[in-house]
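Same order as they appear, the protein sequences are chains A and B. Under the working numbering, the first sequence has 1402 at position 18, and the numbering climbs by one with no breaks. Under the working numbering, the second sequence has 1400 at position 16, and the numbering climbs by one with no breaks.
There's no promise every hint is true.
Which copy is meant is left open, because identical chains are indistinguishable; a pair holds if it fits in one copy or across any two.
The calculated lysine to any residue pairs, modelled on SDA-like cross-linking and capped at a C-alpha distance of 20 Å, are [claimed, not checked]: (1) K1427 <-> K1457; (2) K1396 <-> I1421; (3) K1448 <-> A1431; (4) K1448 <-> G1399; (5) K1448 <-> I1460.
Calculated from the structure, these hints are not laboratory results.
2 protein chains.
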Amino acid sequence: MYVILVYDMEQKRVGKMLKLCRKYLNWIQNSVFEGEITEVKLKELLALAGGIMDKQKDSIILFKSRQEKWLDKQVIGREKNELDNLI
Amino acid sequence: MYVILVYDMEQKRVGKMLKLCRKYLNWIQNSVFEGEITEVKLKELLALAGGIMDKQKDSIILFKSRQEKWLDKQVIGREKNELDNLI
């Protein structure tokens, strides 16, 4: 399954969430990740994410598609987060 | 065409971009929008966005799909940006 994950977190929890998501998906922008993932691994990711986030304040939006080819991705502006290699 | 748009902007330009994107798409999270849009309207949106953003620093990622049904959306945590009705 191909997913796009976007989180909106309070600053103090961003670091942990970023680190977690990068273990499972590819980081493509500030708070945006994408990649192929199995249902089992996605459940694992969401369970761990649930432990980090404050569900009254933070949110995660997931878009799931059975196949990546159904989506066409386009990046305008800065291509890649320069922090990518630093963390 | 169904699109998901995510922007990553410097704070000082966020307000303008938010206002612009809300004219064309539905705001679903901090910097995330989705909706049906025609090619013509999308071009218009991107041209106007290009005038707001600093392409060395900011970025927009677009995911396009011919049909929304190919995507399954899931929200975890806070459902809707509470600012939605204020702006």
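How the hints compare with the structure:
For the homomeric pair K1427 and K1457, the shortest alpha-carbon distance between copies (15 Å) is at most 20 Å, but the shortest distance inside one copy (25 Å) is not. Taking the shortest alpha-carbon separations for K1396 and I1421, neither the intra-copy value of 27 Å nor the inter-copy value of 35 Å comes in at or below 20 Å. Within a single copy, K1448 and A1431 get their C-alpha atoms as close as 17 Å, which meets the 20 Å cut-off; across copies the closest is 28 Å, which misses it. For the identical chains of this complex, K1448 and G1399 are neighbours neither inside a copy (24 Å) nor across copies (29 Å), given an alpha-carbon limit of 20 Å.
In the homo-oligomer, the alpha carbons of K1448 and I1460 lie at most 20 Å apart only across protomers (13 Å), although the nearest pairing inside one protomer, at 22 Å, exceeds that limit.
Of the hints listed earlier, those the structure fails to meet are numbers 2 and 4, in rising order.
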